[in-house]
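Asks: Note that the protein sequences, when read in sequence, are chains A and B.
3 is the number of the first residue of the first sequence in the numbering used here; add one for each residue after it.
464 is the number of the first residue of the second sequence in the numbering used here; add one for each residue after it.
Accuracy of the hints is not assured; some may be wrong.
[Unchecked claim] DSBU-like mimics (lysine-lysine), calculated; alpha carbons at most 30 angstroms apart, straight line:
| id | chain 1 | residue 1 | chain 2 | residue 2 |
| --- | --- | --- | --- | --- |
| 1 | B | K482 | A | K137 |
| 2 | A | K89 | B | K480 |
| 3 | A | K154 | B | K480 |
| 4 | A | K253 | A | K286 |
| 5 | A | K108 | B | K573 |
| 6 | B | K533 | A | K130 |
| 7 | A | K113 | B | K468 |
In short, the hints are calculated from the structure, not lab data.
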Amino acid sequence: MKNILTVDNVCKNYGNFTALNNVSISVPEGSVFGLLGPNGAGKTSLIRIINQITLPDSGTIFLDGEPLQPHHIQNIGYLPEERGLYKSMKVGEQVLYLAQLKGMSKTEAKKKLQYWFEKFEITDWWDKKIQELSKGMAQKVQFIVTVLHEPKLLIFDEPFSGFDPINANLIKDEILKLRDEGASIIFSTHRMESVEELCDHIALINKSNKILDGKLNDIKQEYRTNQFEVGLLSDQKEELFKDINSKFKVKNSKLTSFNADLRLLIGLKKGETSTEMIQYLNSKAQITHFTEVIPSVNDIFLKSVANNG
Amino acid sequence: MDKLKLIIKREFLAKVKNKSFIILTVLSPLLMVGLFSLIIFLNQKNSEEIRKVAFVDESEQLSMVFEDTKGINYVNLTELGLDEAKNKTKEFYYGLIYIPKNDSLNNLSKGIQFYSEDAPSLSLLSDIENKLEKKIRNLKIEQLHIDVQKIKEAETDVDILTENFSGEKSSKIGSILRMAAGGGFGYLIFMFIIIYGTSVMRSVIEEKTSRIIEVIISSVKPFQLMLGKIIGNALAGILQFIIWMISAGFLLFIITSIFGIEAASSSSSIGQMNPEAVQQVQQASASEIQIVLQEIKGLPILTMFFSFIVYFLGGYLIYSSIYAAIGAAVDSETDTQQFMMPVLMPLIIAIYVGFSVIENPHGPIALGFSLFPLTSPIVMLMRIPFGVPWWQIVVSMLLLIITFIAIVWFAAKIYRVGILMYGKKPGYKELYKWLKY
């Protein structure tokens, strides 16, 4: 698959502080890419370099196969973590101005803007000043600013902070729609659980270093623990627990279930399969719940930090 | 280039559409016109009022002085005596002049008094004093048997004309004109730099605090943004000055048209009294106007105009980029204090030096500060009307341009880093570090 963005061995220092240390990532075209890591890991530094706000000390970046050049900014849409617009400027004027700075013509920008305003049902905001809007409303405008010029690559830094759940969902749907129309998307966030289900690929960054990247599925496979959450109905709980415990590694689990008497976390030993487990359990009791425990990105992050450090 | 134009346009419009700008630009000349008109109107009302002033002349030598004029009518109450005249004045008149009985002409000027309800107007008093002085002087001259007419003929008016060795004539009026031209231009640059430099700084801080900065510099280079901001603000400033100039011209027109009528009518009233004097006055003013015109022609106008543009641009660009860097370095306007002082210092020094330069335009202080690029835009402009060797102008301009390039380069670096820095208030050490990022 073609990569829309390739970051190759990028280093960035601020004085004695190293913000990025030989970071390389590849963002496949048409995917949602999660750039994950705690605060201060270097995510924003990397994003600023991709946006040509700052230059890397060393390393190269390729957008769509070409080394990054000034004209590429019109192919990138960027929603910074620190949102902001001119407070005393009118919404319509402002979006047109920012779209023109991205290289759109005024008439084109106006047409697109009309489309988005109708879509979000905010056509009557055109002549309002930003300072008259609520924070959530301003965020919508900011989202339009980010996507109006139909960039190939969209970068969202902490995308859902500041949105209420309804608007967050609205934005999420719009972003996925943009992906379906061919845009590639980078989510950068320290709240890993917020984007987990959206990402196809992820890269984990910690203390200026990339510690892990790849397809989310592959990574999860790699970090799978072969543990299953099981809910069982039984009259003789204690005997059953002992029984199972003799055959598998068993812990109590806190899974949510309506009526299970036993809630267990069962680990497979090497060589055993889940089919065997189900057959065994089925012979002992009624199964109300059976799921494989999939490690969350958060868990993976903590594990890989522990492995690397 | 297109983007720079867009930025300039936005900055210009943002500034011009601002309410305080509109109020300052449109309303202040209107206010000035209104104020002036009010003053003129009140003055006229005042002068239309006729005051009746009584007098008691016991010396019997000065009564003929009190001829009615436009604003004052005189009433002779000598026959009533002082006490009764006082009572009558209290009831009917504005005031009472009392001239005591006197034998000797030498003592005539002593003991003259003015009685009135309120403190009398100063102009009225000095008017009466003048009249009495003149009359007593003439009386004394007559006593000495000297022809008054001859004395008048002997009076002369001396106006020294000066000329430098290259043949340029100058006069006192000329020097005043030079001071006015130089000081005016210098002061104009000073005001412009402070007002519009601060405005650039505010606009940078606004972008920082509203956090739009990151969105914008993901589309344009920070340097473009800074330059666009500086140029946009300058254009707004120039527009403001043009509007002020036009309204000043308009104001001048109104004033002269009102005053012109005044002057004409008052000169005609003089004309009725003493045609000879009028002619003299007219001649004098005509020759003075000629001198002023000549002086204006004698000024190095082309050099002044050309250098005004260069120093104006250079000075404004240097200072406004420093202001932009300051705005980028801080989070709010209250944090700017520590950086503002060193910026304002050279400007204020330049103004002070400038005004002493006018006294001694070619001294070492004048030369030094008109070469030093942070003060030269103001000091050199103040010197130029007095004639400056061309090599000094060239050196000063070269230094200005070199400094301009260096400062814009430094400012752009600080600006580029500063606009993305939040939280801590940077010191000079920190700023120095930014230069190396």
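Asks: Confirm or reject each hint.
Replies: Each hint tested on the structure:
1. Taking the CA atoms of B/K482 and A/K137, the gap is near 25 angstroms; set against the 30 angstroms cutoff, the hint holds.
2. Taken as a hint, the A/K89 and B/K480 pair is honoured in the structure, with Cα atoms around 14 angstroms apart against an allowance of 30 angstroms.
3. With a C-alpha separation of about 36 angstroms, the suggested pair A/K154 and B/K480 falls outside the 30 angstroms cut-off, and the hint is violated.
4. Our distance criterion of 30 angstroms between C-alpha atoms is met by A/K253 and A/K286, whose separation comes to about 18 angstroms.
5. The suggested pairing of A/K108 with B/K573 is violated, with an alpha-carbon distance near 87 angstroms, which exceeds 30 angstroms.
6. The suggested pairing of B/K533 with A/K130 is violated, with an alpha-carbon distance near 63 angstroms, which exceeds 30 angstroms.
7. For a cut-off of 30 angstroms, the pair hint linking A/K113 to B/K468 stands: about 22 angstroms separates their Cα positions.
When held up to the earlier numbered hints, the structure conflicts with 3, 5 and 6 and fits the remainder.
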